[in-house]
Amino acid sequence: MATKNPIERYKELFKGKPEPLNDAMITGRQTNVTLDEAIGSLVLNQKRHKSSWWIFFTIGVMGTGILGVAITWLLYRGIGIWGNNQPVAWAFDIVNFVWWIGIGHAGTLISAILLLLRQQWRNSINRFSEAMTIFAVMCAALFPILHTGRPWVAIYWLFPVPNQLGVWPQFRSPLMWDVFAVSTYFTVSLLFWFIGLVPDFATLRDKSKNKIGRVILAIVSLGWRGSQRHWHRYEQAYLILAGLSTPLVLSVHSIVSLDFAVSVVPGWNVTVFPPYFVAGAVFAGFAMVLTFAIPVRAYYGLRDLITMRHIDWMAKITLATGLIVAYGYVLEAFFGWYSANPYEWDMTMYRRFTGPYAWAYYLLIVCNIIAPQIFWFPKARQHLVTVWIVCQFVSVGMWLERFVIIPMSLTANYLPSANKMYYPTIWDFLMFGGTIGFFMFLMLLFIRFMPIINIFEMKDLLYKLKGGGPQTTTDAVGPDEALGGVR
Amino acid sequence: MEVHDHGHRDEGHGDTALGSELLSESSAVAPSLSADLQTELKASLAGKTGKQYWRSLEELSDSPQMQRFMDDEFPNRSSLAQINRRDMLKFMGASMALAGLSGCRSVFMPQEKLVPYVKAPEELVPGMPLFYASSMMLGGYATGVLVEQHEGRPTRLEGNPEHGSSLGALDSLSQAEILNLYDPDRTSVVTEKDDISTWDLFTERIGVQLELQNSIGGAGVRILTGAISSPSTIEQIENFLKTYPQARWHSYEPVGRGGVYAGAKAAFGRALEPIYDFSKEKTKAILTLDADFMSAASMPGSLRYAREFAEGRRVVGDRGDMNRLYAIESTPTLCGAMADHRWPVKSAQIYGIALNLAAALGLPVQASSTNTIPAEHFAAMVEDLRANKGVVVCGDFQPPHVHALVHAINQSLGAIGRSVRFVEPVNAAATRAGDLLPLLDDLQAGTVELLFIIGGNPLYDAPAEYQFAESLKKAKYKIHHTLYENETSQLCSWVLPATHFLEEWGDGLGHDGSVSMIQPVIAPLYEGRSVAELFSLLNRKPRGSYDIVRDYWRRNGLGGGNFEKSWRQFVHDGVLKKPVVEFSGTPAVSFATLPAPTETSGWEITFRADPTIYDGRFANNGWLQELPKPLTKLTWDNTAIIGPADATEMGLHIDDVVRITYKGTTVEAGVFVLPGQPRQCLTVHLGYGRTRGGVIATVQGDHGGGFNAYLLRRADAPFFSDGVTIEKVGTEMNLATTQTHQPIEAAKRPPGLEGSVVPQFPGDHREVILDYKLDFFNEHINEEVEKRAEISKEIRENNLFPEEIFDWKGEQWAMTIDLNTCIGCNACVTACQSENNIPVVGKVQVGRHREMHWIRIDRYYSGSGDNPTINWQPVTCVHCEKAPCEPVCPVAATVHSQEGLNQMIYNRCVGTRYCSNNCPYKVRRFNYLNFSDNQRQFATWANLDQQQKNPEAAVGVTEKNRRPLLKMLNNPDVTVRGRGVMEKCTYCVQRINNARIEAKKANRRIKDGEIVTACQQACPTQTIVFGDQTDPAARVTKLRKDPRAYLLLEELQTRPRTSHLAKLRNPNPAIEPAQTAEAAH
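For the protein sequence lines, the chains are A and B, in the order given.
Here the first sequence is numbered in the numbering used here, starting from 31 and rising by one per residue.
Here the second sequence is numbered in the numbering used here, starting from 85 and rising by one per residue.
Hints are computed from structural coordinates only; laboratory data are not their basis.
Remember, predicted model here, so these are calculated numbers, not experimental data.
Where is the CB? At the ideal position from N, CA and C, for every residue including glycine.
Keep in mind that a hint or two might mislead.
[To be verified] Derived contacts from chain A toward chain B, CB cut-off under 8 angstroms, selection only: (1) Leu-188; (2) Leu-205; (3) Ile-399; (4) Gln-403.
All chains, please: the whole structure from these sequences, using the hints.
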């Protein structure tokens, strides 16, 4: 598969021919050795990363640079460089925050909830989904800090640090809840990710030929020897963290949604927000996982490990959560009418349906409701290009959803005299684009320096697929026919 | 409030103890080096011919070339290399000797000492402001002010309750004068052809010229002034004219009242000043003919008139009676907005209406054939005026024959002597001095040798066809005595700095002819001298303004038994309490000589003084530039104002650019579509399009600045004319308004809902503005109150919280705003800005909706776009008892006080802006960029951009060399908020605390009326009442229980502490049928 020219490789990648739906979770003649090789060599054999990696990495670095410039200018000049105004005091800043937090949802959902539900198909995708979660939360966390007028004090006044004035944060504020929700989520996700990495780091350490690499891997694998006791402790810790993470998946975005639901702003004050936001987050998260997984599996020859079955399942989840989101939109409009609250109806009818930003609302409907419906067709779910494009629709749609909710609701609420339009500035776009670049930058580093698929869990899966029984690392027997056995 | 007298410090004005303290104070805050440098240089240059010592202004200024020259330690080092050994030794020896001299510091360095008050000045308690009475002059008319002064630093102007033109209120234009005082762009030094000079040199040089003129009786001397009412200044000028009998005095005021005086002359045979009395007892029905007697920019005495008018409309309780106001006017004004009936007509049609009115009253005139107002409505109005103590007010902008006719109409209504009285013209210059035209002739004839231009800016504001610049060049010596270097100064040989009125002694006449005192509150910041001082200098008897004024009044009117006592009383009160001699006579209008009404066709252009920057003299004032103009809510620009029907016809929208052509002159202007503007009537405001006159005045393009309407204005039609054409250019510009326009396009508005609701959307039945007709109110208000009480009760019962949590102890502050008396004049907005150190943000930021005013006056229209009803609603923070902003702040930066104040803790605020999102009233303001640095706010990016584009206009405006004077403007009792911090109305908590301290010291409760918020103080109509709602006797408690009181957005259960009081209208039942109970909802 190693064609010289990267362009050729991409043509091949997206040649548009449907891959057959393979029911197996691992395909090809796989043994523990081939698994080690397929995944581990991405770290150990740096030659596997060709010019494509560098192209995307350069884009990522440039994006990070833009982000740096945008942040520096923001700190120097103030929030006024953005388009925010009175009454639209929150705009791109919070839209981006909620969007990124949403993207960070798939990782933990896949890792924790699917783990507890003993869904072994998660093994192929959980590692990089978790990485995505962490990086997305990092991007998200930039915004609530930087969007404040005085970030230098916000950073520590938002945390309940004891001080001689006896002044505490205000625990009634949803922004305060955000601080706890997001920081807890980040911490637990990071731990969960790292703990899962430890046995893999040990595997790589043992295989690494590079001296420096061996030292670094030895440090991060925390002396893992793979003893019975290690495995026992590991399983315990992993299960506990999964248990901790599970409610977090639901709580983070619920709490983020309370930023809006708790307020008196028409269009924000909606009780359906918590579940609707969580569904939207999973929706956006899976779209992002697919956006990432489809090119990577092709490019790095991981088609045997991330099979069409995974793609199919993820597309189905996207469709399912998309339907929940669509239900949310219907309910929002319905409540606008049923509440008999003129402000809510004004917001629904005269802002969303017919107002100056109605285009955003209709585009959102197209992206989030209409586009994913194609996943009802199995052929569409197998057609990688289609899946990938639909995922882009979903990402755009979810961003628009937050745009529709946040700045659009603020442009008009109670007193007609205070109605004002909102227009973003170049810095709004640069800041947003910068975080996307930063995210790419981190993901590309991750691909290069960490095992992007969980090696030992794949071995475990392979073992189970083969029907169990004794296994040694030198066992080269990999009967194809056994692989499809477990569904 | 105490009013202090500092008239007893009669040692002389400049050297009073106060004065020298001020000097040390100002050096303590270190004005920038360049100012010092200039002063020093000038001192050393005094009496010498300057040119041999320095070469150019650039050398003295911070020009980059000069900087480089200065920074280079050895600029002539190439010559050093050629030095020989002997010279080298000589230099070394000399250097050593000089090094020794450096020990003798005091020989070379001036020694100044800053010492604290060893003996505290009388009455001055550090931290406590003192108030002095003075007067602000606008177009020759004095308005009494009290100047708040903190340790010698004036910070704020308030109305002088003793003064007849103010009654304690103050308009925006006057209040903003305090900013002009500290304006770094003011003329600071004497310059001769752009070279820095001195007063002594000026006296010497001009003395030589005057000596030459002496032989010919001053035939080559001309004086050009604006309006002057000051008796002492006039005496100085007339003394000068006595010395030079052939010299001539001319006066020109761009928005003058020539028509008023000429009209009186036609009616009474002499120029007179009409004064109106709108008080309840005297006047019950008022008709304004293009007159806006409530706006300071259009009629003197507006503060008093507005008060009297409002008192005639004040309704307390469930029954009341009100005066009735009819407005027939062209462009909508404050009067039109308040009117019970308003008919928009072109300015030229006013005369026809006046003729019809005169004919209807039985005067022997030929009625005009055109009926611009429905006949039955007109008849009903005339009947009302006749039956109910009617008066007709004629606009200043109407030609003399209309004024004369209106005098006759008033006579037949019996209004003269009752509602209209006459005194001698206040603007003495108008009667004693010649016009601008003869001066122009003389200039063109080349007979003018010496021209003294006192204030003003004729080059910019003289009629366009005069080509004043060309003529001015022919005068040999042009001397401009001015507060700002402006377009005219550019062509003048000498530019002399004038004093600001807060720096000089003076006097002037109020709108009713009463004498007002101008008292300095700070030593002149620069080298300014007053007009009287200048003429005393020219008269070879140089005296300080204190001596001039005091001496004048010793001889005129204040003499008699105890001069010292009456002088002190005069200075203390700020006004001479002596009845003004009134003219009593009847108008004798020769009706036969009245011209026939002209038919107007096509577009009419109407010139008006700008509501905020007047004729352009306030163009460099950021507060006024950013003050939303009452009706358009526009900031930083003037526009071509047209009505909605014409706009639709011509396919024009707000922001479109049009080309206005009038008599061969063409200007381009942005369009503003204003509901209520008559058909085919184009209104332009004067004062914009400045090319010189300061950093703010000369902003351009995206930063404001508008267009120069004076280019179109001609002497034969100074205020309106037809024959103008408008065409669409096709480009657009950005106009910055603080309130968008959506109510106009509310064609969706359901029929029958006009008036009492302002629908934001179809089906909107909210009571944003409560509006009743008086008849309906008197009949049904109690039923209405019951209905509302039921709704309120229901709302309150839906409350999850126990009612007890709202029972706090101690004083509970509350406010009421009476929509029935609010005239939308903006005085409160400027008062708040001045009191609370509110920054100016610039046009770009206003365009981004980031203006910082804590009060906004919402303007709502109802009815048709061609002639809508206009309602005002001032909205500030309403201090909700259950404030939605409070629980959402993550750092508890906005919290509730025990006294019911919703407080902002600026230090704690991190700027999440969540509070603003959650505020239903949208009254919170966020400092998005560092707006509060009031040095930068005037040297904004705008100006730096502009400087690059047009270096000549913006010469010397780099941030670096601007004097840090504006810091002195800040009120020390109020925090200056930085970037990234949320702010909002505090109910003037600093004033509450001051009152509390006083009450505690006296061991008593705070009395009702003791705390007056800044907005309340400035309000000419006493619309705003503030107080303690737990005090059953307090005015605010009673008003909050008034049948008209309602809570804005009550349904949100925020429990506002500010109540609004419903608006009442008093339409003539014969014109508008009575309101039915259904229509009220």
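Checked hints:
| no. | hint | verdict |
| --- | --- | --- |
| 1 | Leu-188 | holds (6 angstroms) |
| 2 | Leu-205 | holds (4 angstroms) |
| 3 | Ile-399 | violated (25 angstroms) |
| 4 | Gln-403 | violated (32 angstroms) |
Violated hints, listed in ascending order, are 3 and 4; each of the other numbered hints is respected by the structure.
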